[in-house]
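Enquirer: Spelled out from the first residue to the last, the chains are:
Number of protein chains: 2
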Amino acid sequence: MSPALPGHLVPMHCHSSGEEFDTQGSGLARVNPDLASERLTASFCVPSLTAVLDGGAERTRVRRAVVDVIESDPVFSRENQYFQSQNERYEAAVRKAVHLRKKMQDMGWSEDGPESVYIYRALSGDVAFLLHRVFMRSISVLGSDKQVAKWIPLATEHRLIGSYAQTELGHGTYLQGLETTAVFDISTQEFILNTPTISAMKWWPGDMGRSATHTVVFAQLYIHGKCYGVHPFIVQIRSLQDHSPCPGVIAGDIGPKMNFEHIDNGYLMLKNVRIPRENMLNKFCEVQPDGTYIRHGSQQINYFTMTSLRISLIADEVILPLMKACTIAIRYSVVRRQSKLKPGEEEAKILDYQTQQEKLLPQLAAAYAFHFINNYLHELFNKGYKEIQGRNFALLPELHALSSGFKAMISQYCTSGVDICLRACGGHGYSLLSGLPSLYTKILASCIYEGENTILLLQTARFLIKCFTAARAGQPVPPSVTYLAAMKPRKCPAKDKLDFLSPDIYTEAYQHAAIRLISSTAAKLQDLIQSGAERHEAWNQCTVQLVQAAKAHCHYITVKNFVETVEKLENTAGIQNIMKHLCDLFALHGIFSNAGIFLHDGYITGAQMDMVTASYLDLLGIIRKDAVPLVDAFDFTDKNLNSALGSYDGQVYQRLYEWAQKAPTNKQISPAYEKYLKPLLHNKLSKL
Amino acid sequence: MSPALPGHLVPMHCHSSGEEFDTQGSGLARVNPDLASERLTASFCVPSLTAVLDGGAERTRVRRAVVDVIESDPVFSRENQYFQSQNERYEAAVRKAVHLRKKMQDMGWSEDGPESVYIYRALSGDVAFLLHRVFMRSISVLGSDKQVAKWIPLATEHRLIGSYAQTELGHGTYLQGLETTAVFDISTQEFILNTPTISAMKWWPGDMGRSATHTVVFAQLYIHGKCYGVHPFIVQIRSLQDHSPCPGVIAGDIGPKMNFEHIDNGYLMLKNVRIPRENMLNKFCEVQPDGTYIRHGSQQINYFTMTSLRISLIADEVILPLMKACTIAIRYSVVRRQSKLKPGEEEAKILDYQTQQEKLLPQLAAAYAFHFINNYLHELFNKGYKEIQGRNFALLPELHALSSGFKAMISQYCTSGVDICLRACGGHGYSLLSGLPSLYTKILASCIYEGENTILLLQTARFLIKCFTAARAGQPVPPSVTYLAAMKPRKCPAKDKLDFLSPDIYTEAYQHAAIRLISSTAAKLQDLIQSGAERHEAWNQCTVQLVQAAKAHCHYITVKNFVETVEKLENTAGIQNIMKHLCDLFALHGIFSNAGIFLHDGYITGAQMDMVTASYLDLLGIIRKDAVPLVDAFDFTDKNLNSALGSYDGQVYQRLYEWAQKAPTNKQISPAYEKYLKPLLHNKLSKL
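Chains as they are written, first to last, in the numbering used here: chain A, 1 to 688; chain B, 1 to 688.
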């Protein structure tokens, strides 16, 4: 079968290297022979797998077209990104955002067209005004028709830049605790906004530090001295004439972060800032001129907005970075040769060491597993959205629980996966030029934003405990948790290591483990309460185990979904076979790495765990052969990877050297020489 | 008992905050009341524990004196570090290095005086010329008396700056594979050095990118066309008149890295660079004028140098960063309040949530465990050094195995611990101003440098397998592995959860697990070889399990040493009690988190694992009460922590706000406004 390299991936800017010592580069596009040879023996057709991942060849075509347009425009270049300061990154990101609007108009791409999902991806997220979009979305969802009609056109045309000011210095996850106040003044028909304490300062909102002219501020609404809880208000914070802060507004940038240098995360203090009554977003609740507070319709849709946000970030912010890290680390690991496997032979490719396979290949399998579970979550979400449009909110609790748990579980898993890829590349992985450090420092944030992971897992756990109790009482439960009602066999039936390549065997094991953890924690909770503990204290004493249970549930659903996805694949082009191997690897890696969970009640015995280990290690050797084609199928361009180690041609050392020469540290003689070194070193003799 | 706050820790530069909204600061040193209250209930005397950690009150005094001198000198300030570019960091580090030499002269501190160990620590490693010191050490160890007499005085006086060029672009861990050549030219009595391929370029050496005038180059020695292996040569790379590269030398900086911005890690290419015959370091081997190659004495001392380097970095580069991260995260976790534990009550300190305790307190226990194992390793090393001076090399294999395994195990554990601390601080942990991101990005490198961890663990495993075979054959083995000879009971005797607070019970469990993993892997290796696999291939197929076995061994020794240390402590000032709790926590956390290893053969049953879990979770609540005093005892100054979240006074929000205002992003109007935003936003009306 032909590995059929996608034409647009062949980089034209790379240089020959090989035996000859050539620091100038010949301009030839030559693939490192160690990498090239990996592509000759693929057991499956790479473009076919790419099409499966994209959801069809037509979408592959659209994606590549978007990528081509973005990457051929120098404004969107990320070439010198690793050398830029926070100020430079911000300036470039604003330039890109402004240019992007023009580009989309020129290309006829609309916000909801087929191209839209690929634009941000092609930019690697390196663009400003993302919170401006959240500003717009919040007005669309929470604003009245009149508010939408006033603000959305202005925002669309970039005649104002918006932000979304929810988080405060002292409050993130616990929204009820927000301290900013909005007091209604009947006499002037205005709200008076204030930041009453330092911890009430808005802190972290993107686009707010330097760009935004407006923002949606979440504040405690007071009317006649009575608090009505947190509500959203549109507040102008900077002048449209000269961008200076509005009266009573103190705003700025929160300074350097581990990544997101291109975003001006900001702070905001408000001192008696007055806004008209019309600036409270009032689709769901309204303050009338006489101070009467009225609530319209359901607020459950807000709940759904959070859910949709969590699901929407998983693909681009979490799974793609892991796919990129795998691509970089696996390509590098067949170019890098170090030490000898067999005395007297050539040095070995490091991917031929079992320990290196054991680091990287499970991450590769996880990237596929999460890609497929993400599809599952999106389907579920779309179904839920239709129901909600028909005013049926029955799916919400399950959707909320799944979106919370999966956002947490996948972001934690993928963050750890990127970290493993980085370390597996040794010293060169530690260079920013490898692309791995910035992937890591960025994906790490996904464990924290849009709900801190532990809190999210506990929300899932609360749902699971509730469903478990209901299921055991014979009451109906949502589809994803019906398994909790089942009473299953108490022992794994596997007899030899090949049995563990049976999806039924390992899926049952995951299901059993999830049920055991949920039921034993439910029992502990019950015991504590029956022994007299207060409910909240009993809950707190179970939270370590509740987190374990929620993870086990998500892990189980992921394995089950991978199995079902593989079953549905057609076995043309060798796709189903290789996906089956990856599915097995993902499942057995999970059992191998969390052995205690499966051994605890003897469901899997020690002898069976040895079989798991044997099958798991065997799979590493099998998938090793297809490792490079499996990352090629992700179809990242060199520009998108932006990695000296991970390029398609594998000219690792040449590229590291070329890129290093462009570093600012090589562009100037450091003042340190004249000031500190010369007085010590200077010698009439140049040589000792 | 009085918690007796060490006076020099009370910061004089902090500001009041509290209820009143005060952005100016009153200049009063007021400790956040939530943090202050934590210090009133300590179960032990903090200064006494500090003295234990320092190895005596006198050493505490010396350490604090060094810290005071360094921190009161503005040249050594790290105040704006988080805002500086790579160029600025480098310049500051060179300035500090030059100033430090003068300071040490002024203070009468010698390189081997009692102060020396604390200087680098007080600087937080933020200083240049560390590789200059390795350059000097390598000449001292590998050079003849004549070479030492020539080069050491020049280097000591900073009349040259040295570096140490071993690693190449294509070779790190596998030194035999180095490609740089040094060919002896009899006619001129010179060595001709060359970089024959791009992968042969020296890459990574510190101080080489911009500072060094000289370096020790490791190259394959050729005489009359015959290769004699890798040897060290002193090579001048830059002019002493104007710092320009010497003829045939191409050198520069390798560009941005994940951390170490202050260090000019460099690259070096050599094209027919000639150096005199006298520049080969020739204490152990020499090339005579006629080309005769002579080897003197033993080279085993080199082996010892690597060992000593690995042990020496553990304290400052690995354990201290974890201690700092714990200090920051734990202090922040009693200041930060979020959500409610009990309905109707005040929001809870986040350290009162079980999940937060379970993240942070095991890291705290690990910091203590590793502090004590580091003492053990140093004692062993000092003993070994004495033996070696007496030409007895018998201890070397054990020392090598221990230093490799512990460097790997501790660096991996502590890196993961710092990561956990960072994430446990939520969004604010992600700000560079928290100090946590730079601790993480720096400690991560310790998993890679001085031997990549997986390779080091496999070296330990090789030693263990050898000793296991010897022990089972009744042959003598080194002291740390005599336990491998023992045949132990096959079941853990614990009957209830309190039994797991018995050090005998858990130490036995660790010992049993280590023996099982080593013996089962030895058996698998044997099986594979007997089934006809070649030795090297059989080894490769066992490496995943060998790594597990090596870690289990190091974990066991760490637990055993913690237990023995606690037993030796006097129980005055409540020290022994609290250390016993930490020791229990460290041990039970390890069993809880690696349950599979202990459950595998039924040594610990599922029911017993539930007892472990119960005791483990109980301990969290006990240690929670002393968490703040336990980090106070590490005795870091605010300047040393350099963290807006971790200062002694707990004025977290105030400090975040003050520091953010100093960021360069707030010091200029971005050109982005004039260029990109103004054309869009400008409006005759300043307000919408």
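Watch out, some of these pointers could steer you wrong.
Claimed, not checked - Computed list of lysine-lysine pairs in DSSO-like fashion (alpha-carbon distance at most 30 Å, straight line):
| no. | chain 1 | residue 1 | chain 2 | residue 2 |
| --- | --- | --- | --- | --- |
| 1 | A | Lys-580 | A | Lys-524 |
| 2 | A | Lys-102 | B | Lys-684 |
| 3 | A | Lys-524 | B | Lys-283 |
| 4 | B | Lys-271 | A | Lys-271 |
| 5 | A | Lys-687 | B | Lys-283 |
| 6 | B | Lys-283 | A | Lys-146 |
| 7 | A | Lys-349 | B | Lys-491 |
| 8 | B | Lys-662 | A | Lys-466 |
| 9 | B | Lys-383 | A | Lys-442 |
| 10 | A | Lys-580 | A | Lys-568 |
| 11 | B | Lys-146 | B | Lys-349 |
| 12 | A | Lys-102 | A | Lys-383 |
| 13 | B | Lys-675 | A | Lys-103 |
| 14 | A | Lys-687 | B | Lys-662 |
| 15 | A | Lys-150 | A | Lys-340 |
| 16 | A | Lys-497 | B | Lys-524 |
| 17 | A | Lys-386 | A | Lys-495 |
| 18 | B | Lys-150 | A | Lys-662 |
| 19 | A | Lys-560 | A | Lys-102 |
| 20 | B | Lys-349 | A | Lys-271 |
| 21 | A | Lys-687 | B | Lys-466 |
| 22 | B | Lys-662 | A | Lys-442 |
| 23 | B | Lys-491 | A | Lys-150 |
| 24 | A | Lys-340 | B | Lys-491 |
| 25 | A | Lys-560 | A | Lys-491 |
Keep in mind the hints are simulated off the structure, nothing from the lab.
Enquirer: All hints are to be evaluated individually against the structure, with a verdict given for each.
Expert: Now for the hints, and whether the structure bears them out:
1. A:Lys-580 <-> A:Lys-524: 38 Å, violated
2. A:Lys-102 <-> B:Lys-684: 24 Å, holds
3. A:Lys-524 <-> B:Lys-283: Violated, at about 69 Å.
4. B:Lys-271 <-> A:Lys-271: 67 Å, violated
5. A:Lys-687 <-> B:Lys-283: 24 Å, holds
6. B:Lys-283 <-> A:Lys-146: Not satisfied, since the Cα-Cα distance of roughly 87 Å exceeds 30 Å.
7. A:Lys-349 <-> B:Lys-491: 43 Å, violated
8. B:Lys-662 <-> A:Lys-466: 49 Å, violated
9. B:Lys-383 <-> A:Lys-442: 46 Å, violated
10. A:Lys-580 <-> A:Lys-568: 11 Å, holds
11. B:Lys-146 <-> B:Lys-349: 64 Å, violated
12. A:Lys-102 <-> A:Lys-383: 34 Å, violated
13. B:Lys-675 <-> A:Lys-103: Holds: Lys-675 of chain B and Lys-103 of chain A sit about 18 Å apart, inside 30 Å.
14. A:Lys-687 <-> B:Lys-662: 45 Å, violated
15. A:Lys-150 <-> A:Lys-340: Not satisfied, since the Cα-Cα distance of roughly 70 Å exceeds 30 Å.
16. A:Lys-497 <-> B:Lys-524: Holds - the C-alpha atoms of Lys-524 of chain B and Lys-497 of chain A are around 15 Å apart, at most 30 Å.
17. A:Lys-386 <-> A:Lys-495: Roughly 46 Å between the alpha carbons, so the hint for Lys-386 of chain A and Lys-495 of chain A is violated.
18. B:Lys-150 <-> A:Lys-662: 37 Å, violated
19. A:Lys-560 <-> A:Lys-102: 44 Å, violated
20. B:Lys-349 <-> A:Lys-271: 28 Å, holds
21. A:Lys-687 <-> B:Lys-466: Not OK: Lys-687 of chain A and Lys-466 of chain B at ~51 Å, beyond 30 Å, violated.
22. B:Lys-662 <-> A:Lys-442: The hint holds at about 24 Å.
23. B:Lys-491 <-> A:Lys-150: With Cα atoms ~75 Å apart, Lys-491 of chain B and Lys-150 of chain A exceed 30 Å; violated.
24. A:Lys-340 <-> B:Lys-491: Outside the cut-off at roughly 41 Å; violated.
25. A:Lys-560 <-> A:Lys-491: Cα-Cα ~19 Å, so holds.
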